[in-house]
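Start from chain A and add chain B according to the hints.
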Amino acid sequence: MKMWNKIIKTAIPVAASLLFATAANAATTLVYPALDIQQLTGDAGVTSTATSLTMGGTAITVINSGGAVLYNFPDQPFSLTSDTTGSGTLSVGNGSILAATFSNLSLVDLGGGATFSADLTYTGGSMATANMTGGIEGSFFNATGSIALGNAFTADNLIAKIGKVQTVPVPAAVWLFGSGLLGLLGIAKRKKAA
Amino acid sequence: MTTINHFKSILAGLGMCLLAFNVSAYPQLTFDGRMTYNLYSKSGLLNVEGTLTRSQDISLAPQLQGSIFEFGGQLATTSTNSGVTRATFTGLNNGPDLRVVNGDSGSTVLLEGDLTGLLMRGANGSNMGILSAQFSPTGGSLLNEFVVGAKLFAFQLNLTRNFGPAMFGQGESFGQGEFFAGNVDGKLSAPASVSVPEPGVLILLMLGLGLGLLVISPRKKFGQKFSHHVS
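Read top to bottom, the protein sequences are chains A and B.
For what it's worth, our numbering labels the leading residue of the first sequence as 10, then goes sequentially.
For what it's worth, our numbering labels the leading residue of the second sequence as 8, then goes sequentially.
It is worth saying that the hints were derived from the structure and are not from the lab.
Keep in mind that the hints are not guaranteed to be accurate.
Okay, the calculated beta carbon distance ranges per label pair [stated by the list, open to error]:
id	chain 1	residue 1	chain 2	residue 2	range
1	B	Thr95	A	Leu79	30 to 40 Å
2	A	Thr132	B	Tyr47	12 to 22 Å
3	A	Ala53	B	Gln141	17 to 27 Å
4	A	Asn160	B	Gly102	38 to 48 Å
5	A	Asn113	B	Ala173	44 to 54 Å
6	A	Gly133	B	Leu221	52 to 62 Å
Within a straight-line C-alpha distance of at most 25 Å, the following computed SDA-like cross-link-like pairs (lysine to any residue) qualify [as the list claims (entries may be wrong)]:
id	chain 1	residue 1	chain 2	residue 2
7	B	Lys158	A	Gly65
8	B	Lys158	A	Ala53
9	A	Lys173	A	Thr138
10	B	Lys158	A	Leu49
11	A	Lys173	B	Thr167
12	B	Lys158	B	Asn54
13	B	Lys158	A	Gly121
14	A	Lys173	A	Ala77
15	A	Lys173	B	Asn169
16	B	Lys158	A	Thr153
The beta carbon of each residue, even a glycine, is placed where N, CA and C say it ideally should be.
Excised from the complex, chain A in its bound form (with noise of 0.2 Å):
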């Protein structure tokens, strides 16, 4: 009975790291269907200076996740605006089909171009009946200099999607933590046999 609430005792604590390491070790996955945004003539791509960014292009379909367009409707114009500290507006059609804030903006210099992602919440438009939550995850390239929020530089070809996000458990760190807490059990069965 004494092993097992040591067991216990050290477990929980364990648990709790477990829960705490996996959420802080979490990858995101968009979730399809999703908004497909591209960057079309006309369009003014990526420009951000010492106070903003602003990014600028087309929501062309909705698309499921093997590439079949689910909805194909007239272009829309999509916009961003963000402050240095990745925070701002989003709109799809002028508010019409997507309306939001963001936060957490993040911009991945990868030279040569940029992975970029922020997590929305929803203000208005037609796509934020279903889910008041969601995210943006692009890329864009050929730019003019070094990327990063509150730097001047240019770029184009402008790719983004818009959907659902669901953080997915990193499998490594919940393996590690498996094996952490049979070492336990096995310490545990040590010492009762001492």
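Then chain B, alone, in the frame of chain A:
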């Protein structure tokens, strides 16, 4: 006087005509689909298969439904530097590296050709990345529109394996089969320097010029006669 006016109109018309000839087009095909990376005999094969989602400034508008956009490459090198993992790919051994097939019943080949400098890169620990390459067309009905400086850009997301030094399993004994997969959203585009005359505009311009001359001449004559009567 009338001859000078006609001459002025013709000059203006020719000027507009030249402007119309210099209208730049940006041929572009966008696609969406799935990618897989497979290991075969300790080497990697990247394969992307999707559908066309839109076209822009293309002379032959493709039938989007049922169309196919596919490309691939054989893993050449991998490297990790400053937290970014990069992989380069060479062309496929058999057949074109990239192929676009129209969604019509005849499965017309819209475009096919080779990719050079195919590069995939992403930040370590991330399941998002980018692909880029130069494209040299070798066939298809849209060959002429992508013949100069065409480039492939793609965004990769939801990859089932995060970027990192061991991402591509190069030279390791993982056996054969799918190593990782994900979604791809991208475009094939030709540069702005491609100048495409717009026949519709030219025809309208020439018609307008001809009709304008027909209308102007009698009015000028009438105006001269009327001014004589007034004086």
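Hint check results:
1. B:Thr95 x A:Leu79: 30 to 40 Å: 35 Å, holds
2. A:Thr132 x B:Tyr47: 12 to 22 Å: At roughly 49 Å between Cβ atoms, B:Tyr47 and A:Thr132 fall outside 12 to 22 Å, so the hint is violated.
3. A:Ala53 x B:Gln141: 17 to 27 Å: 25 Å, holds
4. A:Asn160 x B:Gly102: 38 to 48 Å: 43 Å, holds
5. A:Asn113 x B:Ala173: 44 to 54 Å: 28 Å, violated
6. A:Gly133 x B:Leu221: 52 to 62 Å: Holds, since A:Gly133 and B:Leu221 (Cβ atoms, about 54 Å apart) stay within the stated range.
7. B:Lys158 x A:Gly65: Answer holds: B:Lys158 to A:Gly65 is near 21 Å, not above 25 Å.
8. B:Lys158 x A:Ala53: Measuring from Cα to Cα gives roughly 19 Å; hence the hint holds.
9. A:Lys173 x A:Thr138: Holds, at roughly 12 Å.
10. B:Lys158 x A:Leu49: 15 Å, holds
11. A:Lys173 x B:Thr167: This hinted pair holds, its Cα atoms lying about 18 Å apart.
12. B:Lys158 x B:Asn54: 18 Å, holds
13. B:Lys158 x A:Gly121: Holds, at about 13 Å.
14. A:Lys173 x A:Ala77: 18 Å, holds
15. A:Lys173 x B:Asn169: Holds, at about 20 Å.
16. B:Lys158 x A:Thr153: With Cα atoms ~17 Å apart, B:Lys158 and A:Thr153 stay inside 25 Å; holds.
The structure shown violates the earlier hints numbered 2, 5.
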